[in-house]
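In the order they appear, the protein sequences are chains P and V. Mapping to our numbering: the first sequence position 196 is 196, numbers consecutive. Mapping to our numbering: the second sequence position 438 is 438, numbers consecutive.
These are calculated hints, taken from the structure and not from any lab test. Since this is a predicted model, take the numbers as computed values, not measurements. Heads up, none of these hints are tricks.
Listed next, with one range per pair, are the computed distances between beta-carbon atoms: (1) V:120 / P:52: 52 to 58 Å; (2) P:441 / V:66: 21 to 27 Å; (3) V:120 / P:406: 36 to 42 Å; (4) V:52 / P:366: 49 to 55 Å; (5) V:293 / P:461: 54 to 60 Å.
Computed, partial: chain V to chain P, Cβ under 10 Å: (6) 192; (7) 195; (8) 350; (9) 442.
Ideal placement from N, C-alpha and C gives every residue a C-beta, glycine not left out.
Number of protein chains: 2
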Amino acid sequence: MNKPRELDATLLEELTALLGSRVTTSRGVREHHGKDESYYPYAPPDAVVFPHSTEEVRDVVEICRRHRTPMIPYGVGTSLEGHVLAANGGVCIDLSQMNRVLAVHADDLDATVQAGVTRKQLNEEIRHAGLMFPVDPGADATVGGMAATRASGTNAVRYGTMRENVLALTVVTADARVVRTARRPRKSAAGYDLTRLFVGSEGTLGIITEVTVRLYAIPEAMSAAVCSFRDMKGAVDTVIRTLQHGIPIARSEALCGLTMKAINAYNKTAYKEQPTLFLEFHGTEAGVREQAELVQEIAREHGGEGFEWATRPEDRTRLWSARHQAYFAGLQLRPGARAVSTDVCVPISRLTECIVETSADIARASMPIPLFGHVGDGNFHCMILVRPDEPADLEEAKAFNERLVNRALAMEGTCTGEHGIGSGKIGSLEKELGDAVDLMRALKRTFDPLNLMNPGKVVRLDA
Amino acid sequence: MNKPRELDATLLEELTALLGSRVTTSRGVREHHGKDESYYPYAPPDAVVFPHSTEEVRDVVEICRRHRTPMIPYGVGTSLEGHVLAANGGVCIDLSQMNRVLAVHADDLDATVQAGVTRKQLNEEIRHAGLMFPVDPGADATVGGMAATRASGTNAVRYGTMRENVLALTVVTADARVVRTARRPRKSAAGYDLTRLFVGSEGTLGIITEVTVRLYAIPEAMSAAVCSFRDMKGAVDTVIRTLQHGIPIARSEALCGLTMKAINAYNKTAYKEQPTLFLEFHGTEAGVREQAELVQEIAREHGGEGFEWATRPEDRTRLWSARHQAYFAGLQLRPGARAVSTDVCVPISRLTECIVETSADIARASMPIPLFGHVGDGNFHCMILVRPDEPADLEEAKAFNERLVNRALAMEGTCTGEHGIGSGKIGSLEKELGDAVDLMRALKRTFDPLNLMNPGKVVRLDA
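Excised from the complex, chain P in its bound form (with noise of 0.2 Å):
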């Protein structure tokens, strides 16, 4: 672990001066600031900083810059791309402590909130408001985080990622400027779209210190409902024809037999052990059973068996709970093993195909690999399990996903749905992309010319 070598005495005196105790260069949280779930190396800033307003991040960026120093956002840590990790040292930006949801506009259907709150916070202050921010990536992770990521997860078949539910977004820009990207009505055509600019951006064009997301009316009804399938084929063609038929379903997820091996195990649940769907609806009392009986049909079609239904609240959320710890149930799999997560995504006419091949890839590897994810997006996990002692597992897990992106980009896919680029993928962004990566080099050039922002993630500057 590298020590705090960079900082030296005057940027730690200014930031003290600036934050007082919520400065720190502690080993311990130096460490847990170092890595994110993913399963790379160590890499710990030299210092953490816990700013609670955007002028407390403004001050920050405006020090750290005349120091020539890294700065890392940081929300809670779920990124999986290695986003957080401080490559070249530096003063991680812990946005954890900035909290506070700032405006609830209900009859707007928006809200604003401070970069630290969590997807979990903002749909409990939202509530009783009869109001939901759908954006489910699983892991509570913070909307700054989300929005840095642009994150989606379960619910963006039906609602959207990130790109399409963050309104206007509060950076601080390399050059220590607070700029609002965009006001509040529902859309615009005023100048260029600095706010799909920054999203996704993953802390390398600025720091996001607020948020204002769209928010959506909690159904008057939701029901969930599992299926089984003979091949994982059925499941996914089930979801390509509800989506053909126009059927607004809000969240369609595919798990392979081997993760519902692990969930029953994990959860002492006693799902059949084959390919299998999670469904949900969200609608009107009649408009969801239309919609439930339209899919159970067409999932007949395609060999699903055993449709169950899950209509009260509670079942609902031991059905998701259940599919949300997919990750930590898969862990189970291979005690002490951490997980390299895949993250391809292709059009849906070509995600049965892009599944089989991969399923036969599976079958060929020397560790288990449960495989699952949002097929109504076209975008599936594996969750590759490595033994983190044994290089080997490492080198065969990169080989395999490698081969898995290049597969998705020969069915015109991207290598990444959701989980971003980070320190990963960089590579494989190249591959994707091409000359178009040539002006996101160009952009960062210009929106962080001396390489501070959160550098070494997205494109390399010296390519």
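We have chain P; now place chain V onto it with these hints.
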């Protein structure tokens, strides 16, 4: 009218060597390309070229760049803020002959088209497959132009604007490179969102030559309705309550009594000449019926009278063509007049207040000003009918629009919901977004260092 002074013989020779007779300096063609649907005076280009492919556009850009000559992309000239005016002369790149639908992926619900394909043409070519492209700004604009101006229109409340419906673009950059901004999956977290950066950039960052858009299954049932109200407040409040209930209404247009009068005169219809809502519902038979009943009840609570249904396709078409002709119908209220179109958009909770205050301003005006708009988005238009040869009219219109923009900005709104900045709203953009415009200028300088791509639009570089 300026002469083709700037273009030296070499430039014309090079363009002619490339495109033959698809290069012209004829006065008539230049005049036609020197204006759009706005009230701005002619500013014709020095030459007009008609490329057929991305490669030809690239070669035109390369030639113009070498000669330091401005380039103005042009679709069918339906923009409303002087986007196509050749303020500094130069070469107009008319993309209307790039009108091939390149690929329709019915299974993936997307299509890739050349920029000159119009939205009606696209809809005709996909209807047989049960598909539709819903973004509908009224005019039969090109898909490329709609992407360039971030267009939306009557369906945006349900289906989103071009921001949400463009999956990927092919763009020719200012340095004559062909860049594909993204691949074809529904979602991606692969790097900076170049697609959204070019959507709404109005030809100032590069020239859009191909567009991949989302398609939707034509709903099983569609039904439209007309309902009149004693006042505009009742109409607008009906829509707001509908949205707050989460009812997925497809279109909701409010029109003032004067607009209804103009429509009746133009179409020989007999609508009540009162504030009116035009509504549309998409879904299954049962779903549409249920939505419509809920909305009818909400309308009744807000003083709605005489709900009239249009379920047959021909009745729906008549209704929406009446809505789309509101612009041309409005022009007939004052023979010989041109329209200054306003375009503010506010959070919906402020919409009633904004429309009520604006109506009071209309009552004081010396000219007729019909008002109508996409109230589900918070966006409405005033058509200020000016006599083109009366400078006092234009002055009054500009002052009216400035008051309206200031009113919208004071309500956290935007100066433009869907028409864009063009030549006309550069000052309003600065008022709206302040420091954020500095970032836009930096983007413009990065992507177009010689300021040749539709110069004088969106941002002022001398500021």
